[in-house]
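Novice: What follows is each chain in one-letter form.
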Amino acid sequence: MVSLTYSLSTVAEDDPPLKCIVSGYLKDHSTGELLIGASVIISEMRTGVVTNSYGFYSVTLPPGHYLFRFSYVGYTSQERHLVVEGNLTQNVSLEPAREELGEVVVTGDRAGQDLVAPVMSMVRISQGAIGRVPAFLGEVDLVKVIQLLPGVQSTSEGTTGFSVRGGNADQNLIILDEATVYNASHLMGFFSVFNNDAIKEVTLYKGDIPVAYGGRLSSLLDIRMRDGNARRFAATGSVGSVSSKLTLEGPLIRDRTTFLLSGRRTYADLFLPLAKNPDIRDNRLYFYDLNLKLSHQFDDNNRLFISGYAGRDIFKNQFAAMGFGNQTASLRWNHLFSKKLFFNLTLLRSEFSYELGTLEEEQNAFRWSSLLRDHAFRADITHYLSVNHTLRYGVATTHHRFFPGTVKAIGEQSVFPDYLLPEQQALEHAVYLSDEMRLSERLTLKTGIRLAFFQNIGPYTLQRYDAEYLPSGTEEFGRGEVYHTWVRPEPRLAFTWLTGAHTSVKGSYSRTAQFMMLAQNSTAGTPLDIWFPASPHVKPQLSDQLAAGWFGRSRDGGWEFSLEGYYRHFSAVTDFRDHARLILNPRLEGELRFGEGTARGLETLVRRHAGHLTGWISYTWSRVFRRIPEINGGKSYPAPFDKPHTVNVVASYDPGKRLSAALTWVYATGLPVTFPTGRAYVGNVLLPVYSGRNAYRMPDYHRMDLSLTFRGKNKPEKRWHGEWNLSVYNLYDRHNTWSINFVQDESRPEVTYAEKTYLFSVIPAISYHFKF
Amino acid sequence: MESKRSTTGEIHESTEGGRFRMDHPGRKKPGREGVPGYIMCPGGLIALLLLFFACTERIEIDTEPEFVRLVVDGALTTEAGPHQVRLSLTGDYFGGRPAPPVTGAEVSLLTAGRLLPLEETSPGVYTTASGLPGIPGENYTLRVKTASPVGGYSEFDASEALLSPVLLDSIQLGFYPDYSEEGMWEARGYFRDPPDAGWYRFLAYRNNVLITDTLTEWYVTDDLLFGGKYVNGWRVAFLQQHRPDETLSPGDTLTIRMDRISREYADFILGAQAEMRGSWPLFTGPPANVKGNVSNGAIGFFAAYPVSWASAVVPSE
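Residue numbers (the working numbering), protein chains in the order written: chain A, 1 to 772; chain B, 1001 to 1317.
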């Protein structure tokens, strides 16, 4: 008995632990940038994991000998034989497969991980895939590339507004290093606020938003800024026909502290003095962006990231001036409580504001401004229970302040009184839990729940409305008083079934809730559109999405195929009543009408990752309808972004020599539009009469863009790398319709005719990019 | 719907000699209903940007010609009359022909159990006998029976309650020499707004001839900014002196007619004015039929309202 006890205890002492943890960070070898979504495959386990947004991975295994394979698209994979006897830290630096300026490849497949992960309707794009796609006016733009993916539509010619699976443009959550960007566009939407040189990676989730995020119905666009080169100082920049950019980066303390500073300014207005019309020579019209990032690694378990963004558009002519822009700041602290418990604490601030006014020397000068400011806190934990089981949980709270509009008179002679739309405040909270488990070699299941709360808080004077949306009295609430709370549980469920070595079937259900919306009634939108919160009168919108798909890739991973279908139901979908007034309206809520909507679609994609010719072809079929009792006589009507057929072709040819080329072609059914079918003679005018809302369509949209890149000679001893880029937008001069208006003939008032406005003919652009 | 006009630029206190910038409320200028004139500042800037690129082309559009509806355009006021109702059909939007009149219809007014028939005095124009003023507080229903069905129906009706009158005490004229090329006359109205919600339409007459004769020129406002108070000089008309039909000479009489209209009629006029401004993706929402008060899918409005007049003589400079 004694000997037995003894022997048992010796066994216990000598026996290696039953579970060991292998964890670490994956980095780019040349710059030290952390790699997001890189795969770590353990051959013996026939499974693997993916690095998180901070490049971290953790695998829990029984002791033994394992072959670890670390890989990331665009990088040379590494294999390591590891003898796992206890906890092990493996930080791995991957060598970029080929150094190219601002050009990376869209990464869909990561050594099969995309097939295994119970994540669908998701696309991740690295910085330079974006640079490879021909750009409008030579201005590389990640949102324009997003719009080429199946299920994503541009809302109007040339704009960065996008609609995902039939949703509105305000149903996309756009975050830059976790901070919400409320208006992601510059210059009326022709450019996005994201300077590609400062961006590391972009991930788009269509409908099935990770449970850690919420507050928008249709998509999450998760944009991560680069950390900056940890190995050496470097500069990147470009000089183009509309803007110039410069990015500086480097280590402040080698391998511990890095910085990145990036700036962009357009100078379209520098050419205005050449204009024929003297009135516009003095106009100003430009925008700028500044990105800053500092990262510091205290030790293996503690990292700190500080990111900031500021950008603004400035317009000025002889009468008036206008400015608008976003500012975001985020502070994140990564902490490893243990090698299997990754913690991230985030503090955020985000702001969007605009102001416009007449010049101060004018009589009756005024200044009109509006502001939306968020302060937020979030804590997220990833708990790597085992190689097959991961838990994620966390909390988030945001304080929103809305200043919808203030008009102030300047100068003594003004006849305008001050005009103020009252401030509103709200708190948005969420707790979430998600559980991702590999049940068998073939089946992986992910379940999640997010509980979201939205609270309106005082001080506020609430306008009440009757059943006919007419004002019926007001109610006062004191400072800090919570006068309304909405609670919305958002369940998510997803599975993946591996049907073969290279194919899988996935399915998902997700519910999303949205508590804020944009007062935008037009397809294009302006920066004057304000965000406003859910309230006792404004119900949060809900979307339920069911999606299923088949995913496959070729044996060598060079080809990727997918076929995905979805059905969405929107409840409390919101539209504005006919002839609604949205600007400076103190009773905006009275202009809203609520109903239901449905969307369905099919998205197919064929993509080539390897070889000289890369790119994708996608076809999307989608329909979206709404039914709102007070609109269109209560009949169902196509939603504003209902485009049944869309084809995208993105091709890039790079034979590895000095010249490369890229081409895109887009085709989409014309947007639905309301045309007059008749006219009525009333009050001495010919009033248009309509058969139904969105009963007609604009002409079909199609366009081809081309870009050519000439690289300088790449000598190993030279640090300076340069390349010329020539791009042509709308290569075959298609006059795509932007709007259709009906005009009464001036000489013959009985005659009315249709006139279309198109924005762009062929637009060539040239730019020079450099790096040293 | 109530807050159709916003405050700024519309304050009624006198601004003698002051120069100000504002669009006439009902002009066919681009802009949004109820939006102060300065909204067009950003509009102008945005337009400037688009002018770099934008071009227009005339295009052909096929619409459904079989879509035909009855159009009713008529009113009953507190004056002696005769009062007119015009019936027509919607025409093909691109047809370029005048609206076809609806002849041979049976038209009558129903009030307090009485039936007042209207007589067709010219094709499509139906007229009451004279000496029959509308009575405040009464409900009036217009009944139309067409000779053949229109849009699937041959009977239509429209009801309005005639509100109690509000007296326009007086108007005063003011001149702004710096506004527009030749200056601008404005008329300010003085009246007591009753405590209940109210909507007004103002029409301008020069020497007893209606100047603001089209819907797009009518000035319609609610009482959001002066509800229940004595209105001490609200701007109700703007006459730009470079426009021949609005020119005032010393000795001319300018007359303002104030109609106390229903909310539904105000909505109809403001909606129609918005429709007439056209649509631009950046600024305007989707177009929609303007909601009238005639049943069975007919377009238009039969209105009933009390009217009140005030005049002023244009002084010599």
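Check before you lean on any hint, since a few could be wrong.
As the list claims (entries may be wrong) - The calculated label-pair distances, taken between Cβ atoms and stated as ranges, are:
#1 B:A1080 / A:A467: 35 to 41 Å
#2 A:T474 / B:A1161: 46 to 52 Å
#3 A:T474 / B:G1104: 39 to 45 Å
To be verified - In silico negatives: residues of chain A with every beta carbon more than 12 Å from chain B:
#4 L292
#5 T461
#6 W665
#7 T674
#8 P676
#9 G678
#10 P688
#11 L726
#12 H735
Bear in mind the hints are in silico, worked out from the structure with no lab data behind them. Note that beta-carbon positions come from the ideal geometry of N, C-alpha and C, so glycine has one too.
Novice: Beyond 12 Å from every Cβ of chain B: is that where the Cβ of T674 (chain A) lies?
Specialist: Incorrect as stated: the minimum Cβ-Cβ distance to chain B is 5 Å, not above 12 Å.
Novice: Quick check for students: does the CB of W665 (chain A) sit more than 12 Å from each CB in chain B?
Specialist: holds (21 Å)
Novice: For T474 (chain A) and A1161 (chain B), compare the CB-CB distance with the range 46 to 52 Å and indicate the outcome.
Specialist: Roughly 27 Å apart at Cβ, these two residues miss the hinted range, so it is violated.
Novice: Can we confirm that no CB of chain B comes within 12 Å of the CB of H735 (chain A)?
Specialist: violated (6 Å)
Novice: According to the definition I'm using, a residue is off the interface if its beta carbon is farther than 12 Å from all beta carbons of the partner; does T461 (chain A) meet that for chain B?
Specialist: holds (15 Å)
Novice: Using the Cβ atoms, figure out if T474 (chain A) sits within 39 to 45 Å of G1104 (chain B).
Specialist: Given range 39 to 45 Å: violated, Cβ gap about 53 Å.
Novice: Okay, A1080 (chain B) versus A467 (chain A) on CB: inside 35 to 41 Å?
Specialist: Holds, since A1080 (chain B) and A467 (chain A) (Cβ atoms, about 40 Å apart) stay within the stated range.
Novice: Hey, does L292 (chain A) actually stay past 12 Å from chain B on C-beta?
Specialist: holds (29 Å)
Novice: Report holds if the minimum CB distance from P676 (chain A) to chain B is greater than 12 Å, and violated otherwise.
Specialist: Answer for P676 (chain A): violated, closest chain B Cβ roughly 5 Å.
Novice: Classify the label on G678 (chain A) as holds or violated, using whether its beta-carbon is more than 12 Å from each beta-carbon of chain B.
Specialist: Incorrect as stated: the minimum Cβ-Cβ distance to chain B is 4 Å, not above 12 Å.
Novice: Against chain B, does L726 (chain A) keep a CB gap of more than 12 Å to every residue?
Specialist: Fine: 20 Å to the nearest Cβ keeps L726 (chain A) off the interface.
Novice: Please check whether the beta-carbon of P688 (chain A) is more than 12 Å away from every beta-carbon in chain B.
Specialist: violated (6 Å)
In the structure shown, a violation is registered for the earlier hints numbered 2, 3, 7, 8, 9, 10, 12, in ascending order.
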